[in-house]
Structures are given as C-alpha cells and as structure tokens.
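Top to bottom, those sequences are chains A and B.
FYI, the numbering for the first sequence is -10 to 629, going by this note's numbering.
FYI, the numbering for the second sequence is -10 to 629, going by this note's numbering.
Hints should not be assumed to be uniformly reliable.
Stated by the list, open to error - Straight-line alpha carbon distances no greater than 27 Å define the calculated DSSO-like cross-link-like pairs of lysine-lysine that follow: (1) A:Lys171 to B:Lys263; (2) B:Lys263 to A:Lys337; (3) B:Lys151 to A:Lys588; (4) B:Lys171 to A:Lys263; (5) A:Lys560 to A:Lys547; (6) A:Lys337 to B:Lys337; (7) B:Lys588 to A:Lys151; (8) B:Lys337 to A:Lys263.
What the hints contain is simulated information worked out from the structure, not anything from laboratory work.
Number of protein chains: 2
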Amino acid sequence: MVRYTVTFLPDNKKIEVEINTTLLQAAEKAGIIINSLCGGDGLCGECQLQVVNGKAMADKNTIGLFSKNEIENGYVLACRTKVEDNLTVMIPPKSRIEMEKIITDGAAITYSEPEKLVLHKTSHEPSFSFDPLVKKIYLELPEPTLEDNASDIDRITRELSKISSYEHFEVSLSCLQNLTEKLRTHHWKITVTFARHNSIGRILQIEGGDTSDKHYGLAVDVGTTTVVAQLVNLKTGKIIGVKGSHNLQARYGADVISRMVFACVRGSLEPVHKAVITNINNLAHALAQEHHIDTKDITVVFAAGNTTMSHFLLNLTPCSIRLEPYVPTTTVYPQISAAEIGIDINPKGILEVAPSIASYVGGDIVAGVLACGMADKPEIRCLIDVGTNGEIVIGNNEWLVCCSASAGPAFEGGGAKSGMRATKGAIEKLEIHDGEVTYETIGKAKPRGICGSGLIDAIYEMVRNNIIEQHGKFNMSPGNPRLITEDEELKYVLAYPDETETGQAISISESEIANLIKSKGAVFAAIKSLVDYVGLSFDQLENVYVAGGFGSSLNIPKAIAIGLIPDIDVKRIQFIGNSSLTGARMSLTSIAAFEKSLKIARRMTNIELSNYVPFMHEFVAALFLPHTDAKLFPSVNYNR
Amino acid sequence: MVRYTVTFLPDNKKIEVEINTTLLQAAEKAGIIINSLCGGDGLCGECQLQVVNGKAMADKNTIGLFSKNEIENGYVLACRTKVEDNLTVMIPPKSRIEMEKIITDGAAITYSEPEKLVLHKTSHEPSFSFDPLVKKIYLELPEPTLEDNASDIDRITRELSKISSYEHFEVSLSCLQNLTEKLRTHHWKITVTFARHNSIGRILQIEGGDTSDKHYGLAVDVGTTTVVAQLVNLKTGKIIGVKGSHNLQARYGADVISRMVFACVRGSLEPVHKAVITNINNLAHALAQEHHIDTKDITVVFAAGNTTMSHFLLNLTPCSIRLEPYVPTTTVYPQISAAEIGIDINPKGILEVAPSIASYVGGDIVAGVLACGMADKPEIRCLIDVGTNGEIVIGNNEWLVCCSASAGPAFEGGGAKSGMRATKGAIEKLEIHDGEVTYETIGKAKPRGICGSGLIDAIYEMVRNNIIEQHGKFNMSPGNPRLITEDEELKYVLAYPDETETGQAISISESEIANLIKSKGAVFAAIKSLVDYVGLSFDQLENVYVAGGFGSSLNIPKAIAIGLIPDIDVKRIQFIGNSSLTGARMSLTSIAAFEKSLKIARRMTNIELSNYVPFMHEFVAALFLPHTDAKLFPSVNYNR
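Only chain A is shown next, with the shape it has when bound in the complex (with noise of 0.2 Å):
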C-alpha cells in the first residue's frame, strides 16, 4: 500500500497514512480535533484547510462552500480531500476545535468572567438547604465490647444515622472488604463518603482517619454546543471555579439529529459517547489543576443535558428519540458510578443525572425550572431556553406544561461565519450611530466573532437604523460603505479587518440574518403556541425568564424588538444565563432540590408541537421583525 506523509502546520506535526486517507481522517491520526458539524459530508463546510505544499484534488461538489480567493489560495475540505501525495497543509484557526487546546498544552478555554455564570439569579430563586448529594463525615467511634460488640458497618450506620437524615444505609461489597483492618489500624477514627440513593443512604467509601475536608463535587450543563462543568466544595457549598468548553461531539454532527443519525445510522454510539466524557474529563482535570485538588476527591458528577445528549453521556442508544413516536430509552437515569463510564474522578465516585420529561425536553430544562424556582409558587410563570433548541415551560406550583422547537444553533453562535461562542473576544454588546458600529467584547479584548447577545443587538441595531428590512433584507439605497459583496453576497460589515484579532472582518450576511430570524420565529412561535394552548395571555405571566447561552448578558428590550421574546413589562422578564448549570449546582448542593427535580420532571406535561397544528402558522407569522402582527408588540417601534 502506498503511503505519504501529510504534514500539519502551524503544529508541525507529521503523520503517514495509506493513500486515499482523508485529510479528516490523517488529521485525527495525528490526533488533531477539527470542526466537523456535518459529520464529514462535505456539507457544512467547517472543515476547511489550505494546501501549502503538494498536489491535492479538491472535490468538485464543494467549490460552492469557497470564495474564489480560497479557491485560489488551496482551500479544500479535509473530509472530501483524500490524501494522494506528500502534502503539508495548514490548518486555519476556525476549523480547529478550541478544546483541542486543553489537549495540547493544558489551557483550558474560560468564560472571561466565569464566575458571572452562577451570579443570575431570579427574583424567586428557591432557597434549599445545603445538603449535599454526597456527604463525607468524619467519625469516632467508641471501641467494641463484649456489651457492645455489633458488627462493625452497624456501629458505623448507628453514628450516621444520629447525625444524617437517613434510616437506611447499603453499602457495597467492597466497602466491607478489609473494613475489619481499616477501623481497627485507625484507631475506629474513620471518614464515610455516602450519597442519596432511593431515599437511603449508600455508602461509596470508607477512609481511615478524617479526610472530609477532600470533599469535592462538578455540575456539569452538557449542551449540545458547549459543556460547562463547575467545581464546587462540598463541605461548605462553595462554588471555586467554572469552565466551558465546545461539545466534542460537534465533529459528529452541529445538532442532535445529526449525531443520532451519526451514532445510529451512519457511525455508532461508542465515538459520541466517548467525546463527552472526554469533556468532562478535561474539564474536571483543567478545574483540578487550576485549584489544587486532587481529582480523586471529586466524588460526584451532576450533569444536566437535553434527552439525547444524557442518552451519550450514559451510552444509551439515542436511536428511537429522532423517529416518531419520539421515545427514549428512559427520562429518569440511573444512579451509576462515574467510573462505569469512565468518568476520571474518585474511583467510588457516582454520576447522577438530571431526569427529562420526553424526547426533546430533557433535564436541562428540569434543572432550569428549579434553578428558576417557578414551580414553587402559584403565581404562573414562564421559563425560555435558548439553546440549539428553544424550550418553553409555563406553570406553577401546581402544574407544568412544555414544549420545545428546533431552533438552531444560531444563538449560540453556530451556522453565523462569524459567528462564535461567548467565549473571549466575542462581541456580546453593539449599538450602530449614524452608521458608526461601537461595541464590547467579552473580556474586552480584540474581537474575534459575534456571540448571541451581540446578534440580537446587530438585528436590532441595523433594522433600527434602516440597514435591513422588518423581513430581513438589506435596504439597498446607496452610500453604506459596510455593506460589501463579498462571495456573492451581500454583508454589513460589523468590524473591519483591522479591528479583529484574526485579520479578518467581522461580518452578517443576509443569509445569516434570515437563519436568526427563523430562529428567533421559532422560540416566539413556541412560546406564544404555549400560552395560547394553556389558555392565557402574556400579560396573565407573572415573570418570564430567559435562559441560554447568549453571553453573560442579554439586552431584553432589544430581544423584545426582535420578536424573539414577548412584549411585557421589562421588569417581569429576567435573564438568567446557564440556568441548567445553576440547577446542577442546586441539585448537587442540595438532596431537597434534587427530590424537588424529580417531581418537576414526574408534574411536567409535554406539548409535541410536531403534533400540533397552530405551531407551523405561529412560525410563519413570526418571520418578521418584530412580527407580522405588530399588536403583539405595542411596545416596538423602530423609529425609522
């Protein structure tokens, strides 16, 4: 078989392969992580690389995903480029998956001001008293006698249950194992590490001596673009620090569907699986590293994440979740140790999982509506996340309805060129003054893309200032020198080449504008199919809160001018950023929360709009900015 050597820059690093390889396939080899949404059919075009040296044929299909200049310069896609020829070939900072860089030299990509993350809070956050899922408690224990002699895991369980709320302790085969020495070498001074489990207590390890101050738990948000884990201290209830990073699935697939068509059709599961687990991994490792403990203390995982994603994370076939009727393998997950899937904490560590409602209203929403704390009173509110899908819960404490649509990555800075997370460098703020473009950056630094608050303000912005249209297309009257052509399309050029920290200018296309406005259409279109099947009006919702992955802030007036979110009363609608992390955090903190969890996801009745007619007219209806029936939003005016 022949073989020729593919070289990587700016990495430098070489790797052989058989001829025909694809360059996807050689840059895995080399262990490199490159932007594949689309799963490596040519079609999304995220995995763009520049031929330096060597002959390479470019697959005719995808000339359409290049500009003639990178036609010109050696652009291909790697997953279509096979490999006939000794080639080096440079890798461009946007095809390269970010969390590549924890892999190779440790640094871990940080929210500019994490610890922003936990400090949204609603005006009804549910107070629950810290209790957390896993305990460590040190003991001394009185010696036995021949008055007195119980075993010794019963004179263990007779001192915790006089000092923990539970009954009924198990505890596994191996905790017994060796108990006899371990107790009697300490002294009968020993540390107990025990989790809820069904309402008793499970003891997960048995150390000598006292330990629990080692006492560490992660809530983790798994989203479909990005995972988010936070490191709290579970003997005081501290938060100590928070990291994202991109879903490494993303080379699988942009959104669920494409990874379950990924894991069940054109892949398998294994892969997916294993690329979340390897985020949490890293992500517990870089937290780790960053505070000075040991990962061995970390004794519990929570991770809340949509229906499909907590199917990856557990390995469980997604497969009869994307296909009608729509149903899962469970809503409710098992109790497991972290290790059974690999999960590189505390060998007797667990992972407990966050309870969904259905197949597309999953436990992240669960976790929103305790982070929220709607359904502790009965005044009726309303909870919006916006993440790769829009989902909506109205209720109280009395009763749940949700729905959910698909809609896009687009907020989260997905499908948009320049697009991005709300990571540094994103514009998360932006006003535009007579054609003047001012804005900020998370962690004020150069700009290298636009997240999701920042789009809102660009659509509002630029049909504010008459740039585009209420439909969405660009005012072509002349004299706009940022709006250019460029690949055939028209773009209003937000920051210009010499403004950004990749050269490059920072650019909407009209293309991209009809995506945010499908998006934006799709959530209202849910939301107000919701209230209308609930029987009420948006003026009956005592508050509304926003939740996704915008940025760290979100410009309500602004969301409401676009029609992305109902016209009420500014002061009842509140953003609440990763409200899934934040229900993590509750449940992980808290055994009430966590019950609390429970009976949300046992009270919440699902809508499937799929099912339901008046959903597809609300959708047309809302491809308008702010919406085609502007008496839904007396308070909207452009003033142009």
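Following the hints, complete the assembly by docking chain B onto the known chain A.
Showing chain B alone in chain A's frame:
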C-alpha cells in the same frame, strides 16, 4: 535450583518441583486436593501418603500419627515431607478430598436419597406463598404511539407494576444500554428478570422473546464441613435436585477457628474465599449438567451459613470474629452480583446471603428458625442445630434468644478415624444384640465409615450392652472378640474388614467415644443453660426441633438416651435435617420468607456463653451417659 519429579498414584499425575517443596505443595501444584484439616501443621494427620518409590525423610515429630505397620510401609505426612529425590507416592482414598472427584471425572458426590433432605417438615412449617426473590416475566408490550410515547423503560415498568408487587423499579445502566434495539428487534416481546432489592424491584436482565421457562435458582447451605446446594425451578417452585460436597476449605483447617487463623495469621483470606466459591461453582455445574440446564439460566443464589462462612463466602475479613469481643464485619449482607465474587451463573445474576445474628450465631440458624416456623406462633419452641458448632434457639413469635457452643465435627463424621459424612456407604443405623452388630448403610452399599446418626446409635448400643461404662470407658471384662487393641489403643469393631468397601475395619476407639461425649455434653449444656437463662423448664417447650448433618434420619430416643437432647415426650421432638438449606430455599422462593428472616435476625438476642459462668458447670455435668444428674433423664434406662 535442583528439581525432582513427583508421580502421584493412582492417577499417575506427574509434576516437577524444586527441591524442598513439600509433598502437599507438590500435590496442590498437580491439581490434586489432599485433606489437611490443620492447615499443614503436621497435627491432624489427615494428609497421609505412601511413598512407594524414591527416598523421603519423614518428620520425626509426626511419628505418633502412624501405626508401626504404616511406618514400615512408607506412610508420611504430605505437609511435613520435603521432596529431595524423584518420588512416586500413593494417595490413599481417605487423604483425598472427595470433591476432587467432581473436578476430575465430573461425577459429584450425591446424598443417597437426596430428595429426603427436603421432606423433613416440622409440624408447624410455615407456608409462604410462592413469590421468588428473582422473577422472570414475559411481556408483550403495546407499541408506542404519539399519544403514548413513554420511555422504553417506563413502558416496561408500567406493565411490571401491574403484575408484580413492586411500585418502584431500579435498573442498571447495562440493562438500559441497547434496550431500544432489543425492544424493536423483538417486536416489543421481552422477558424481564428482576429481583427484590430493598423493597424495590431491581431489573437484572431484559431478554428478547419469551425465556421465562428457563428460570432457576440455587439454595446453598454453606456449612463448615459440607456445602450442599439445591437447584430449584423458579417458575414452578419445584426442587429439581440436590448435591452435597465437602467444604474445600477443609485444607485450611477443620473448624472455623483454624480457618480464621489461616486467613488472618498464617496464610491469607483469598484462598479460603476461593475454596468455597469453587464448591458452589462445582455444585452448580454438576446440578446443571445432571438436569440438562444451562448455568446461565440460574439467576440467583441464596446462601445460608454461619457468620464465619458468610464472611469467607463474600471475601470479608473474619479476623475480629474470633477475638474478644467477637465482632463481625457485618451481620446483614449486601445483595451483590454473583459474578463480582466469581460465582459462575448468569452474569447478571445475584447472590443473597441469609442475615446473621452475631459472630457465632449465623444465617444458618436464622434460616433454621425460618424453616421450623418457631417464630410464627405464641407457643415456646426450641431449635437445636448440631453442626461443627451447636446452636440453640428458644422462643416464639414475640421473642427469640440464642446461643452457641463449640461441639466439634464429631456428629458430622469428623474427628473419628471411621467417621464420615452422611453419603453413600455410611453406616446410618446400628444395633447390637448379644454381641452381634447389625447396621444399615446409606444407599445399601458396603460400609465405608459411619456418620453422625450411626455414631449416636453406636454409643447408645454400646452403653446399653455394657460394652462401655456410663463415663465412656470400655468395660474390660473379657470375652468380647470385637474389642481389639490397635496402635496401642482399645477399639470396638463395628464392621470387620471383609464386610467393608475399603477392606479396613470400621471401629471406634475410647478417645473417639470421649470426643463424642464432649460434643453431646457441649450441646446439652448449651440447651440447659439457655432454658435456665430464660427461666423455663424443658417441659414448657412445646416442640424441640433437631437439625444437623447427622444423616438422613436420626433416632430420637437414642439421641435422648445418650444425653444429647432433653428428655421430653418424643412426640414433641422432631428431626428436621438440614434446616439451613430448607430456610435458604424458602427465602429463595418467597420474598415474604426472606423478609421474615430479616425480622428474625433483628429480633433475636444472642447470649454469649463464653461470658456465662453456669455453662462450664453444665458442660462438666453432662460428660456422662446420659448425664451426671439422672433426674434430668427420667425415661432413660439402659436395662443393664
């Protein structure tokens, strides 16, 4: 290193070993299991071998264990003889552990009429409804629709809830993985195997199609001397077969104390643990083979044993059991995966172990109390279990007290040279009339030895015929041709060499009679102490149940007449055989029975006789036939 070859006859197995290896080690290396009750200390004399070729140096200290004839014929102790030449050695049948037969030729040792074991019923045997610990149920599920798109596992547990007593179910991750395909491939027709676990249903296995016919469980009595297993059809409740074997731990010591010393001081726990696992696996395989089932269709093992045996079974350190204040690691054993400790049944199968009371009152007694039904009614009853330890329980449905005393293995066929377990060829009944001995053997075979019930008969007949005095010494008046001197000790011949299978006489020596009197004395003293402790008299006991491995039957009047059991109306005394096995089978086949056994264990009060002064007085008073206080045995009259 110099190496020699050892050839073991009659198998002609050859093994090359280094110089100074002991013959016991060499045999083990060759896969031959040799009796070694003392664990290789040169004390028990069980590991005798005959060196037929080559030179070997016998240990002078062990010379007392051999007759002159044996010394001349090259008999040595395997544990005390080192290999310093190429040797050919003959293993006499008595030195070989019988289980070896199962290992080498696949034929297990069976009880002569094994079903008899299960025919022992008490007059008050409780009736529990058939409701096995592990159930296997075939389900034809309704296919999901958009109106009913519950998760796959909810669809299963919904149906299970309708037809089982469980409200809640838990399921392992491995059962969920691939469930989606399994349900759809098998058109929603599946068989679910689930176990009781802390009052919820624990789903162990989900198979496609209807496999509910293949559903078996194993009840095991793990005795110090013997391990007995019953194979039960868990669909019908029918007992399919039963097999017994020597406990392979015998090579590490004859009793629980010497095995604990081996595990904790001289050797290590692992081999003692592995030995009993091998016992159970061999029995399971032999039973499965004989009854043409697959061991993979056995999904549950229920084991009952004394506390030390239960610890060894689960690989739990028993090291604090034997030392004051006698503390076990646990008295309630976790339900575990059978595979976790190497039990070779269905890989998803479980092991449940009967709960213990204290270090010296174990799950075998709890199972016995369950089996005889004494904890169900207000009348006060007594259970006497004579094994290597003698355990006594007195009580009713409101209270239960128990104690234990070391009885030694005499009644189980241990200790005495002609003693043997109640298997084929054992003398189980014996009479002496006018100097003539008549007997019955198990399986009507030529006699090979004498089991517990035969020994009780022999003692009784010897004292009645004035062959021994009431203090156990031979009556030296001349003219008894059966009274011979062999190896400088007086012996009474029960069967002459020409009558026996082995060609060696079956006899009983004065020291063996003394041992039996000590055993019966310890048991009776324990009964008397406990009756006194609770302030009762023997007459107030509604029933006395006698359990133990004496044989398939026990002559109650003769057992009274030697002073083993109290002298009350024989109609109120019942021999119930292996009640530990019966109780284990009850728990296996009825959840109510298992839950009852947990209650029995919680309710029973243990009296430590080692702490109880009157016991020693009672013991000394009982070292006489029937007793030094004749008033205690008013009905006994030897008519001499």
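Results for each hint:
In summary, the hint linking A:Lys171 to B:Lys263 is supported, as the alpha carbons are separated by about 22 Å, within the 27 Å threshold. Note on B:Lys263 and A:Lys337: the hinted pairing holds, with a Cα-Cα distance of about 25 Å set against a maximum of 27 Å. Taken as a hint, the B:Lys151 and A:Lys588 pair is honoured in the structure, with Cα atoms around 22 Å apart against an allowance of 27 Å. Between the alpha carbons of B:Lys171 and A:Lys263 the distance comes to roughly 22 Å, so the proposed pair stays at or under 27 Å and holds.
Straight-line distance between C-alpha atoms of A:Lys560 and A:Lys547 comes to about 14 Å, which keeps the hinted pair within the 27 Å bound. With a C-alpha separation of about 21 Å, the suggested pairing of A:Lys337 with B:Lys337 holds against the 27 Å cut-off. For the proposed pair B:Lys588 and A:Lys151, the alpha carbon gap of about 22 Å is at most 27 Å, so the pair holds. As the CA atoms of B:Lys337 and A:Lys263 are separated by approximately 25 Å, the hinted pair is consistent with the 27 Å bound.
Checked against the numbered hints given earlier, the structure satisfies every one of them.
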